[in-house]
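Colleague: Quick note: the sequence shown uses this note's numbering, first residue 1, plus one each step.
Take these hints with a grain of salt, some might be off.
[As the list claims (entries may be wrong)] For each label pair, taking beta carbons as the anchor points, the in silico distance ranges come out as:
{"hint": "1", "residue 1": "SER171", "residue 2": "ARG149", "range": "20 to 26 angstroms"}
{"hint": "2", "residue 1": "ALA68", "residue 2": "GLN162", "range": "50 to 56 angstroms"}
{"hint": "3", "residue 1": "GLN38", "residue 2": "GLU178", "range": "20 to 26 angstroms"}
[Unchecked claim] Heads up, simulated SDA-like pairs for lysine to any residue below, C-alpha to C-alpha not over 25 angstroms straight-line:
{"hint": "4", "residue 1": "LYS139", "residue 2": "THR159"}
{"hint": "5", "residue 1": "LYS117", "residue 2": "SER160"}
{"hint": "6", "residue 1": "LYS79", "residue 2": "GLN104"}
{"hint": "7", "residue 1": "LYS190", "residue 2": "LEU141"}
{"hint": "8", "residue 1": "LYS40", "residue 2": "ARG181"}
{"hint": "9", "residue 1": "LYS139", "residue 2": "ARG105"}
{"hint": "10", "residue 1": "LYS117", "residue 2": "ASP98"}
{"hint": "11", "residue 1": "LYS139", "residue 2": "GLN104"}
{"hint": "12", "residue 1": "LYS40", "residue 2": "VAL155"}
{"hint": "13", "residue 1": "LYS40", "residue 2": "LYS117"}
{"hint": "14", "residue 1": "LYS117", "residue 2": "ASN72"}
{"hint": "15", "residue 1": "LYS139", "residue 2": "LEU157"}
{"hint": "16", "residue 1": "LYS117", "residue 2": "ASN76"}
{"hint": "17", "residue 1": "LYS40", "residue 2": "PRO165"}
{"hint": "18", "residue 1": "LYS139", "residue 2": "LYS117"}
{"hint": "19", "residue 1": "LYS79", "residue 2": "HIS92"}
{"hint": "20", "residue 1": "LYS40", "residue 2": "PRO188"}
{"hint": "21", "residue 1": "LYS190", "residue 2": "ARG138"}
{"hint": "22", "residue 1": "LYS40", "residue 2": "LYS190"}
{"hint": "23", "residue 1": "LYS139", "residue 2": "HIS92"}
{"hint": "24", "residue 1": "LYS190", "residue 2": "LEU103"}
{"hint": "25", "residue 1": "LYS79", "residue 2": "GLN64"}
Hints are computed from structural coordinates only; laboratory data are not their basis.
Beta carbons: idealized from backbone N, C-alpha and C, even for Gly.
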Amino acid sequence: MKAHQKPRKLWTLTLALLFLPAAGAWAQTGGGAAPLGQIKIAILNVRQAIVTTAEGKQASAQLQSQFAAQQNDLQNMQKQISELQNRIANSHGTLSDDEQSRLQRQGELMTRQFQRKQDDLNEAVNAAQSDVIDNIGRKMLDVLDRYSRENGYTVVLDTSAQGTPVVYGSSQIDITQEIIRLYDQAYPIKAGATPAPSSSATPAAQPKAPAPAGAQPSTAPKKTP
Numbered sequence: 001m002k003a004h005q006k007p008r009k010l011w012t013l014t015l016a017l018l019f020l021p022a023a024g025a026w027a028q029t030g031g032g033a034a035p036l037g038q039i040k041i042a043i044l045n046v047r048q049a050i051v052t053t054a055e056g057k058q059a060s061a062q063l064q065s066q067f068a069a070q071q072n073d074l075q076n077m078q079k080q081i082s083e084l085q086n087r088i089a090n091s092h093g094t095l096s097d098d099e100q101s102r103l104q105r106q107g108e109l110m111t112r113q114f115q116r117k118q119d120d121l122n123e124a125v126n127a128a129q130s131d132v133i134d135n136i137g138r139k140m141l142d143v144l145d146r147y148s149r150e151n152g153y154t155v156v157l158d159t160s161a162q163g164t165p166v167v168y169g170s171s172q173i174d175i176t177q178e179i180i181r182l183y184d185q186a187y188p189i190k191a192g193a194t195p196a197p198s199s200s201a202t203p204a205a206q207p208k209a210p211a212p213a214g215a216q217p218s219t220a221p222k223k224t225p
């Protein structure tokens, strides 16, 4: 299974398990809907909860370190390509046609190499992120299931999932911070490990693929936001 398919699988699993308490209530009433007065609903931002746990922050720091060398390599390649682009753009009338053609071919080759390396890095980062989300997410579902049953919640809606029908949710029914707290209690990180200060399990932004070396941009390529 491709890496980018994992998050979708996780969110499908998430929705299925989030509604387990409701399924239990259905069964207990002999197949009928639970009385309206017994319905207790909560909202949870699953994605935020995953990346804000101590384990999620630790994973973020590990991903930053794991892919730092490849990101630096891409940034250096981007700089070299940009310098070559500027040289070509400023060389009209000073270089022979053969030399200018050679530089353009060199730039095109470097750009293709850059794109391949960037694609490989994207794939590796996506796979690593999916593993983090899957690992933490499955354990968080256990925490959520126990919390929901102990507190009598019939339905918990994931506000981070696309298509979740939540137009408005009061902070009084938002259990995100409570689930984070309970998760950190149930799954503490190893002693001496320092969580990353950021709230995302995403490595730093990767350099944007430069324009073909034959182009003449007025400025160096911008990095992806």
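Colleague: Now, for every hint given, state plainly whether the structure supports it.
Modeller: Results of checking the hints against the structure:
1. SER171 to ARG149: 20 to 26 angstroms: holds, 23 angstroms
2. ALA68 to GLN162: 50 to 56 angstroms: Given range 50 to 56 angstroms: violated, Cβ gap about 31 angstroms.
3. GLN38 to GLU178: 20 to 26 angstroms: This hint holds: roughly 21 angstroms between Cβ atoms.
4. LYS139 to THR159: Roughly 19 angstroms between the alpha carbons, so the hint for LYS139 and THR159 holds.
5. LYS117 to SER160: Violated. LYS117 to SER160 sits at ~31 angstroms, over the 25 angstroms cutoff.
6. LYS79 to GLN104: Holds, at roughly 16 angstroms.
7. LYS190 to LEU141: holds, 21 angstroms
8. LYS40 to ARG181: holds, 21 angstroms
9. LYS139 to ARG105: violated, 52 angstroms
10. LYS117 to ASP98: Not satisfied, since the Cα-Cα distance of roughly 29 angstroms exceeds 25 angstroms.
11. LYS139 to GLN104: violated, 53 angstroms
12. LYS40 to VAL155: holds, 7 angstroms
13. LYS40 to LYS117: Not satisfied, since the Cα-Cα distance of roughly 50 angstroms exceeds 25 angstroms.
14. LYS117 to ASN72: Within the cut-off at roughly 12 angstroms; holds.
15. LYS139 to LEU157: Given pair LYS139, LEU157 holds - Cα atoms ~17 angstroms apart, limit 25 angstroms.
16. LYS117 to ASN76: Given pair LYS117, ASN76 holds - Cα atoms ~12 angstroms apart, limit 25 angstroms.
17. LYS40 to PRO165: holds, 16 angstroms
18. LYS139 to LYS117: Violated: LYS139 and LYS117 sit about 34 angstroms apart, past 25 angstroms.
19. LYS79 to HIS92: holds, 21 angstroms
20. LYS40 to PRO188: violated, 29 angstroms
21. LYS190 to ARG138: holds, 19 angstroms
22. LYS40 to LYS190: violated, 36 angstroms
23. LYS139 to HIS92: violated, 62 angstroms
24. LYS190 to LEU103: Outside the cut-off at roughly 52 angstroms; violated.
25. LYS79 to GLN64: The hint holds at about 21 angstroms.
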